[in-house]
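Chains as they are written, first to last, in my numbering: chain A, 131 to 304; chain B, 131 to 304; chain C, 131 to 304; chain D, 131 to 304.
A hint or two may mislead.
Given that identical chains are not distinguished, each listed pair holds provided it fits within a single copy or across any two copies.
Said to hold, decoys possible - Here are the simulated lysine-lysine pairs, DSBU-like style, with alpha carbons at most 35 Å apart:
id : residue 1 : residue 2
1  : K150      : K166
2  : K197      : K243
3  : K166      : K243
4  : K166      : K152
5  : K150      : K192
6  : K192      : K166
7  : K197      : K150
8  : K197      : K238
9  : K238      : K166
These are computed hints drawn from the structure, not numbers from a lab.
4 protein chains.
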Amino acid sequence: NYAAKGYASDRIFAPYTVYKGKAAFSLIPCLPTFTKLNSGTVVVDRRGSIMMTFMHSIGERKYDWEKRQRFALSATEVGSLITMGAQDSCDFFHDPSMLSSNAGQVRKSLSIKPHANGYFVSLTVVNNLLNTNDYFSVPVTTAEFAVMKTACSFALPHIMGWDQITNQQSRGID
Amino acid sequence: NYAAKGYASDRIFAPYTVYKGKAAFSLIPCLPTFTKLNSGTVVVDRRGSIMMTFMHSIGERKYDWEKRQRFALSATEVGSLITMGAQDSCDFFHDPSMLSSNAGQVRKSLSIKPHANGYFVSLTVVNNLLNTNDYFSVPVTTAEFAVMKTACSFALPHIMGWDQITNQQSRGID
Amino acid sequence: NYAAKGYASDRIFAPYTVYKGKAAFSLIPCLPTFTKLNSGTVVVDRRGSIMMTFMHSIGERKYDWEKRQRFALSATEVGSLITMGAQDSCDFFHDPSMLSSNAGQVRKSLSIKPHANGYFVSLTVVNNLLNTNDYFSVPVTTAEFAVMKTACSFALPHIMGWDQITNQQSRGID
Amino acid sequence: NYAAKGYASDRIFAPYTVYKGKAAFSLIPCLPTFTKLNSGTVVVDRRGSIMMTFMHSIGERKYDWEKRQRFALSATEVGSLITMGAQDSCDFFHDPSMLSSNAGQVRKSLSIKPHANGYFVSLTVVNNLLNTNDYFSVPVTTAEFAVMKTACSFALPHIMGWDQITNQQSRGID
Numbered sequence: 131n132y133a134a135k136g137y138a139s140d141r142i143f144a145p146y147t148v149y150k151g152k153a154a155f156s157l158i159p160c161l162p163t164f165t166k167l168n169s170g171t172v173v174v175d176r177r178g179s180i181m182m183t184f185m186h187s188i189g190e191r192k193y194d195w196e197k198r199q200r201f202a203l204s205a206t207e208v209g210s211l212i213t214m215g216a217q218d219s220c221d222f223f224h225d226p227s228m229l230s231s232n233a234g235q236v237r238k239s240l241s242i243k244p245h246a247n248g249y250f251v252s253l254t255v256v257n258n259l260l261n262t263n264d265y266f267s268v269p270v271t272t273a274e275f276a277v278m279k280t281a282c283s284f285a286l287p288h289i290m291g292w293d294q295i296t297n298q299q300s301r302g303i304d
Numbered sequence: 131n132y133a134a135k136g137y138a139s140d141r142i143f144a145p146y147t148v149y150k151g152k153a154a155f156s157l158i159p160c161l162p163t164f165t166k167l168n169s170g171t172v173v174v175d176r177r178g179s180i181m182m183t184f185m186h187s188i189g190e191r192k193y194d195w196e197k198r199q200r201f202a203l204s205a206t207e208v209g210s211l212i213t214m215g216a217q218d219s220c221d222f223f224h225d226p227s228m229l230s231s232n233a234g235q236v237r238k239s240l241s242i243k244p245h246a247n248g249y250f251v252s253l254t255v256v257n258n259l260l261n262t263n264d265y266f267s268v269p270v271t272t273a274e275f276a277v278m279k280t281a282c283s284f285a286l287p288h289i290m291g292w293d294q295i296t297n298q299q300s301r302g303i304d
Numbered sequence: 131n132y133a134a135k136g137y138a139s140d141r142i143f144a145p146y147t148v149y150k151g152k153a154a155f156s157l158i159p160c161l162p163t164f165t166k167l168n169s170g171t172v173v174v175d176r177r178g179s180i181m182m183t184f185m186h187s188i189g190e191r192k193y194d195w196e197k198r199q200r201f202a203l204s205a206t207e208v209g210s211l212i213t214m215g216a217q218d219s220c221d222f223f224h225d226p227s228m229l230s231s232n233a234g235q236v237r238k239s240l241s242i243k244p245h246a247n248g249y250f251v252s253l254t255v256v257n258n259l260l261n262t263n264d265y266f267s268v269p270v271t272t273a274e275f276a277v278m279k280t281a282c283s284f285a286l287p288h289i290m291g292w293d294q295i296t297n298q299q300s301r302g303i304d
Numbered sequence: 131n132y133a134a135k136g137y138a139s140d141r142i143f144a145p146y147t148v149y150k151g152k153a154a155f156s157l158i159p160c161l162p163t164f165t166k167l168n169s170g171t172v173v174v175d176r177r178g179s180i181m182m183t184f185m186h187s188i189g190e191r192k193y194d195w196e197k198r199q200r201f202a203l204s205a206t207e208v209g210s211l212i213t214m215g216a217q218d219s220c221d222f223f224h225d226p227s228m229l230s231s232n233a234g235q236v237r238k239s240l241s242i243k244p245h246a247n248g249y250f251v252s253l254t255v256v257n258n259l260l261n262t263n264d265y266f267s268v269p270v271t272t273a274e275f276a277v278m279k280t281a282c283s284f285a286l287p288h289i290m291g292w293d294q295i296t297n298q299q300s301r302g303i304d
């Protein structure tokens with residue numbers, strides 16, 4: 131019975147997507163990976179994130195998946211997002227090549243700014259290696275932002291790996 | 131032992147119902163369904179929702195189940211509901227035949243409006259095919275609306291399918 | 131391995147208790163029970179609640195378990211509690227013999243009233259059958275009330291049975 | 131398949147750590163342990179907590195794990211933390227030898243105080259037995275504090291053992 135087993139060994143794709151006239155973006159949680167040390171302790175190997183993917187509109191209800199750009203929100207950036215008040219704004223800067231020889235060649239910046247009835251969520255990607263400059267801006271309603279906040283609050287303990295800790299059944303009985 | 135297995139292969143009916151003098155409505159989460167692609171990826175097939183069902187009163191503690199009307203709140207409509215302040219109101223419009231030849235023949239509108247100690251939750255269904263016009267209005271207390279908000283916030287990641295993502299145990303050990 | 135199996139077939143007692151000088155009370159979630167209809171549908175049989183138990187102090191760190199009094203908060207009463215602001219108060223009235231021949235003989239009232247740094251949580255039980263009149267009052271700090279709110283918000287979907295709905299793995303694959 | 135089994139029988143280490151110039155601290159939930167009574171009832175043996183661990187900086191991206199100090203937040207202290215407003219402060223005092231002959235010899239105090247853009251989280255440990263006096267202070271941004279609040283709210287029902295109660299499948303069918 132497939133229902134009873136769940137999809138534990140499959141990859142599930144269930145993004146929350148905001149489609150607007152010029153561009154769209156989606157959110158999906160990316161879980162951390164773990165490594166088992168010789169001591170038996172399991173530690174976080176790669177941190178989890180909320181992956182944002184932006185696409186340009188290329189026609190009615192069509193978006194350009196090939197030229198998508200991604201931005202992975204860390205736990206602390208998710209903390210910023212979920213505490214934003216109606217008049218707050220925030221800006222995050224990522225350098226995907228940080229600490230490598232290409233440091234500074236690609237700069238990504240995500241900005242969330244309030245408007246009358248929600249926020250503008252914008253991504254700029256300046257890539258000096260490919261000599262490209264990409265810009266996406268998506269107006270988000272208050273209701274859509276509420277979904278983002280609630281879903282990100284739900285996902286936060288999971289991207290931190292805390293759900294793995296609390297899923298361990300307590301021991302103390304023999 | 132039934133308790134240990136749970137009800138995974140059964141259909142569970144556990145609505146939250148607000149019964150009032152002239153009408154009642156209930157809320158229940160409807161989970162999304164998934165399809166497995168040839169690539170092995172599992173994607174959302176039918177989106178989840180919070181299903182609202184309205185019934186007219188037809189006597190003491192009796193409601194007319196036969197003439198019920200339904201309204202399925204999308205994730206974004208749930209986002210509106212859970213962020214409503216005490217003085218806020220909202221209106222949602224659905225056309226169940228949208229994009230078909232009957233488009234515009236059935237119009238459903240759900241309205242939530244504040245009153246002194248809570249909200250009025252009202253549904254209007256105008257059906258030009260059957261030439262009917264149905265109207266339900268249920269006063270909801272602040273406490274009842276708090277239950278609706280908390281339960282809908284709990285259910286939101288589930289109707290989005292994010293619980294299926296976070297239930298996948300992280301991989302990274304072999 | 132006991133840890134892997136969990137305690138599914140045991141009764142777990144893990145109340146949150148506020149002990150004060152003259153009295154104490156504890157909170158613990160009571161899950162709903164379900165019945166399977168001939169149709170195969172599983173419906174709620176007995177509703178869940180948050181059970182409050184009050185005890186009088188009878189010495190240093192001793193409370194009178196024999197003379198305890200209980201008050202079962204319904205989902206909607208939990209909704210009241212979790213939305214209380216710092217200056218709000220609420221009162222709930224229960225008649226455990228409602229709709230029986232003893233209706234009105236036992237009256238229970240729970241009251242939550244603000245004070246400078248938290249709330250007074252008080253229970254009065256007037257029992258005309260036993261000719262008794264019991265009164266408990268426990269001062270609760272803001273921090274203790276925050277634990278009550280967070281724990282009750284967590285428990286609310288469970289006492290409503292919604293966790294049983296969302297635990298069902300989505301079907302749609304064969 | 132390791133993914134399907136999860137890590138139930140392993141110890142998982144997934145702290146949330148705030149690293150700053152002079153010191154760092156991490157948070158991790160510690161689950162309660164349970165004991166089974168002869169009656170079959172399972173009760174909490176050792177209470178759960180959120181364990182905070184502080185370390186001094188000893189070089190670039192290096193912190194002194196050997197000289198770490200710990201402070202275990204109780205459920206009620208977690209209740210204080212998750213309800214703190216932007217201008218609130220709080221102070222907790224622990225005596226790890228309370229009720230023993232060494233009572234008063236070691237005093238730990240944790241303080242959370244607001245600053246312009248977040249909080250200072252500070253720990254003082256005065257140990258009269260070892261004649262030591264340790265002080266750690268870590269500035270925390272609003273976003274980092276939001277992660278702490280959300281993660282601690284998630285963990286609270288787990289350190290109280292309420293997840294074990296709600297995980298019990300409801301019984302009522304045979």
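Please flag the earlier hints that this structure goes against, numbers listed from lowest up.
The structure breaks only hint 3.
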